[in-house]
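Fit the two chains together into the complex; they arrive one by one in their own frames, and the hints show the way.
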Amino acid sequence: MDIQFTEEQELLRSTVQRLLRDQYDFHSRRKIVTSDEGWSPKQWEAFAELGLLAAPFAEQSGGLGGGPLATMIVMREFGRHLVVEPFVETIVLAGGLIESEGSTAQKQEFLPGIVSGKSIWALAWTEKNSRFDLGSVTTTARREGGAYLLDGEKAAVIAAPWADYLIVSARISGKQQDRSGVSLFIVDRRATDLHLRGFKTIDGRRAAEVTLRDVRGQLLGTEGGGVPALETCRDRAIAALCAEAVGVMDELNSVTLEYTKTRKQFGVALSTFQVLQHRMVDMFIAHQEALSLMQHLNLSLSNDEGGIARLASGAKAKIGYAGKFVADQAVQLHGGMGMSDELNVGHYFKRMSSINIQFGDPAYHVLRYAQLDTAA
Amino acid sequence: MELALSPEDAAFRDEVRAFIAENYPQEMRVPNPETDLTKEQSLLWHRVLYKKGWIAPLWPKEYGGPGWSITKRFIFERETSRAGTLPPLAFSVTMVGPVIYTFGNQAQKQRFLPRILSGEDWWCQGYSEPGSGSDLATVRTTAVREGDEYVVNGHKTWTTLAQHADWIFCLVRTDPSAKPQSGISFLLIDMKSPGVTVRPIITIDGSHEVNDVFLENVRVPVENLIGEENKGWTYAKFLLGNERTSMAGIGRSTRYLDRLKKIVKVEVAADDPVHLEFRKEIARIELDVLALEATELRVVAQMARGIDPGPAASLFKIRGTEIFQNITELTHRAIGSYGLALREHPVSSNHFMPGPEYGHTASEKYLNSRKLSIYGGSNEIQHNIIAKAVLGL
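These protein sequence lines are chains A and B, in that order. Residue 3 is where the first sequence starts when you use our numbering, and the numbers rise one by one after that. Residue 514 is where the second sequence starts when you use our numbering, and the numbers rise one by one after that.
Since the hints were derived computationally from the structure, they do not count as laboratory data. Note that the coordinates shown come from a computational prediction; the quantities given were computed from them, not determined experimentally. Idealized CB from N, CA, C, for every residue including glycine.
Derived coverage of chain B by chain A (criterion: at least 3 residues anywhere in the stretch with Cβ under 8 Å from a Cβ of chain A; other residues may be distant):
#, segment
1, 785 to 798
2, 807 to 819
3, 822 to 832
4, 884 to 898
Bound-form chain B, shown alone (with noise of 0.2 Å):
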């Protein structure tokens, strides 16, 4: 499906895909980028893309944004997410960037922000806790004033890739007596302060992708306060919103697809008792991704003529979720007994993976995304979002 564009937008288009073909690092196309990369690799393409002024697409120009329209954004996502280019990190650029320059002062703006455009700071997110997942205003890390510092103490987990990351925002409580959502604060916090500990978490794909944090006793100059202490709430919402806008992910089940076609066609025969079921669900998964494809097409429409988009990117996360999931699952499926074997963690000593390459990648790729349901606001949150919005219930 192609959007009807200007020639102006079409020449943009052009232009981004040229530019990908051109740029795209050959040492960032592994068998699985989420995984298989060095920080140093996976940051290759994001100073490309930095040294191009195209690093912050979301940002206002006067932060580093490239003073793009709606329409511009959606085809620059578009187009990368088509080639399959790996995202610049997303707690960065999409995420602190713009509560920083949102809700920040003038000096965190020109601390942080320069160096989250060139990836001079990795950003790792400190939200969930033990005891707080989907209901997040309950965190119990606390942070105690002292002096010009705060003392925090407490426990994140499942955060992303904190075993690279220079920095990480948290949400801390700061009073511990008022309603649990305006006790919170969002705090900066310089990952080698000591009292930082980093552990990692391996999950059921046999990735490194989650730790635990621990926090002891860190401390924390208050200037690394972002806005007003008790008001964290409110910026940490801003921020989910953010990170729900763009999870369709169209061009990342369409390249999916497409590698789960060729790989049906070459194990499951005509004759095979599945071959018919295969071919429904493939076709089935297709019509759900063209059905939201368009249903992205018409919300960008829509904010491009200033329409509110309502909860659209709760519906985006659902469905675009749901949809990976299960063309992870036929892949897995696919590739029949082949199916039992998982690919080692890159640096174990043991690297034979039985069966063709196409299926390599199919366990793993089975098991890490049964993650999407769940993280971001797991999808039942997202019904609630749009119960509330939507059906006013």
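If we strip away everything but chain A, and leave its shape as in the complex, we get (with noise of 0.2 Å):
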């Protein structure tokens, strides 16, 4: 079904829009990626400024009420200007974990610093044995007195070294595949005892390994309910990467399609070549496609439908698989200027290939849309 946008809704979209294209360009973000902090918290306070941080969050909670379709038109045009900021991890996961899973007191506590854009968060639950599966923990928390001490080691933590605190898995009970035992803890990030060792992403963010020796953590949710509360973290960031897989296609295709109109090749335009016409319809398709199935997933989500988990699993393959495509044959079509550092085709490839790493693979999701069908 095709979303008509209501007057708020566009609103905020031409909102971004106007943002992006101000400040946003190929340039700033480059200077953005290459600074010390490889963010920019001027960027970050714009967006709480222009209500971008507020919007998807109920009006209860100190948001704009505008929820999963907010959140959606956020992270397509992030999606076209490759925006690193952390909006997924502070917004969609940290700030979506504390909507639905923290007490009153927790809300009150944290949502203001989320929405006002004060602090920064990132969710810790990878570790070097976990691929995708949520509940496999071995980082363990104990109970000592009125608090839980963590300890144990996180992998791969996006947004990390940026973070001002962390929410992370650990497992009170069970072995490491065991899905009850596990939950979630809020952890001051600059706790003593907490150690980073950063590194750089393939598509340029920051991320950390992540040590915890005994460091203190501040339960979220109810003990034992950390994996359903992750799973449905999960489907809501597929539903974000997915629009911002959109965004990424968008710009892919609509710069491919430029490049070979004007760039010749034995006297003429690489566009006349029927062979490349066709690919490039073929990559129209593989948008349309993932800009439907997108939409079909926010919409679902945001009317709060059944069969989210596998439809969320779903939409990340097809997407997926689809962006991929697109992101390969934008590189091939370019030729070597594909392969250059200075052009941006190479960095949305780039962003695409860790949006299929994230949460899962195209692979991963497929076998899972195919374990969920319970007509099978």
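Encoded structure:
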């Protein structure tokens, strides 16, 4: 179904578009990515001022009540501009978890900082051997007095070097893959005995290996309820990443078409070759299908329909494959230029590649989609 | 996936569902309705729809259409396709009918339209020729004016169900000296005319769907010319646009996919090395269907708001046919060795078919559906159309 935007949604979209057009062109982004910090607190402040960070949250949480469709609108534009600031990590993942799992006190303590752009968050769920299994957790949490002490290692935590807080999944009971013994904890990223080894990611972000040695954590949600909470949260994150992927494809298709119209070989524009025309039609079709499915997922999410887990996995797979095809072909059709770090195409390619790793690659999700089929 | 329907549209959907359940002829529920029915049998549903006033969803009310909105048309198409009903003959209702009411004169409308609606006339399409496939503008069948008649000579081919046809609509060359596109006319020819010969072409699945049609000194009254002489190309393109409107085939693909899943469940054991590949392929196709369906719903919603769908029909044709070809191929693979057996043509005396019943049509469907990416403007032609219209190439 086509989404006919409300006036508010149109306004949100044009606001993000204008802001990014004015302040987040490819050159500005390069400056941000190559800076020491690797992100721009100034941009983040601008996002907060324009209400982007508040947009998805419910009004009683201090938000604007835009829900998943607001996230969708923001993320598609972020995809077009390759925004590196941690919107998914802070707003969709952490914010979403606090909003759905947090106590009243926790919401009052943390949401205002998130919505106003004062605090950055990251979600530490992956471990060295977990791959994409949310329930595969070896990091432990034990109760001591009124608090929990966390011990273990988390892997490839995106945005951890930028974060003020981490949400960490840790095991309070059971073996490595038991679903039931996992809880979520809020941890101060600057706590003593919490160590980071930061690294750059292929798509221009920063991530870190995180070591926790008896670090104090505050329980978020119910004891043992970590995996279901993470699963719901992953569905929302997938919907956001799918919107971002469509934004990436928007841009890749348009720059590729433009390039083939101007680049000449054998005395004619590349776009006159039928083999390339047909390739670009396939890229167009892949994009159209991805867009439709992405909207379908976000609409279903916003209407709170059943079967979201399966649909989210399905969309992640289909859009992942579509995005990979578009990105592969965009680089190919740019020829040598597609390999150049100077040009934007390769950077979109790299973002698409990392989207296809986050929360599980297309093959993982297509098989999960098959697994969740009650009819088969 | 469901449309968010207004109460009125939801009531209409329920009405259509109930009507199909109560009225679809049992006689038409055969293993392969596209090949196993006689002409009379295949017209049964047509007549039921005619009596109900639902035979021509696309037609304006004044010519006998039901006057449905775009959304209602879509609902009807979706429900009939989900229920697996045999679509009424497309060449009559979807193709030549709209050409006649759009470009025909008053006498032609009065003469032909009612008989198309009632099913009295069966139409076939005289477009392709041995030398003119995708490049239709090169048709060589000639029509030479002699008094009040055209004398037609030529050879049409791939003519679907011409063996049943009462009439054929033809592209003929009336001005050999003009540029290819501008010398063509659109002519209606009575199949009973002297000089018309139909010769069956048996396709690789063993069925007789298509034919050669030979036209030798066929005399056609000039009153059977549609519109103006030498303007036929315009009418032909209009018709091809109609042909492609609903080729996404979501309902059909969904039914065949459900069937495939059931077959795989029985045929491919979990410890079979190929089991995982089947699971993955099926899931991928299911997602292809879902994404195409979501695209179709998006386009319908846009059209209902008056937005031009552009070359969406070409996208549906490409993806819809690719998907169905994949499903029939997987089904054929799923039945293992029995994929070697081909059901014999119904007229044959030998009807023995080995293997479980659910596999009996797998081979013929697999083979027959290879045509999908070729007919109705090959998928490569559809790529050209999108390249021109969307990419501006």
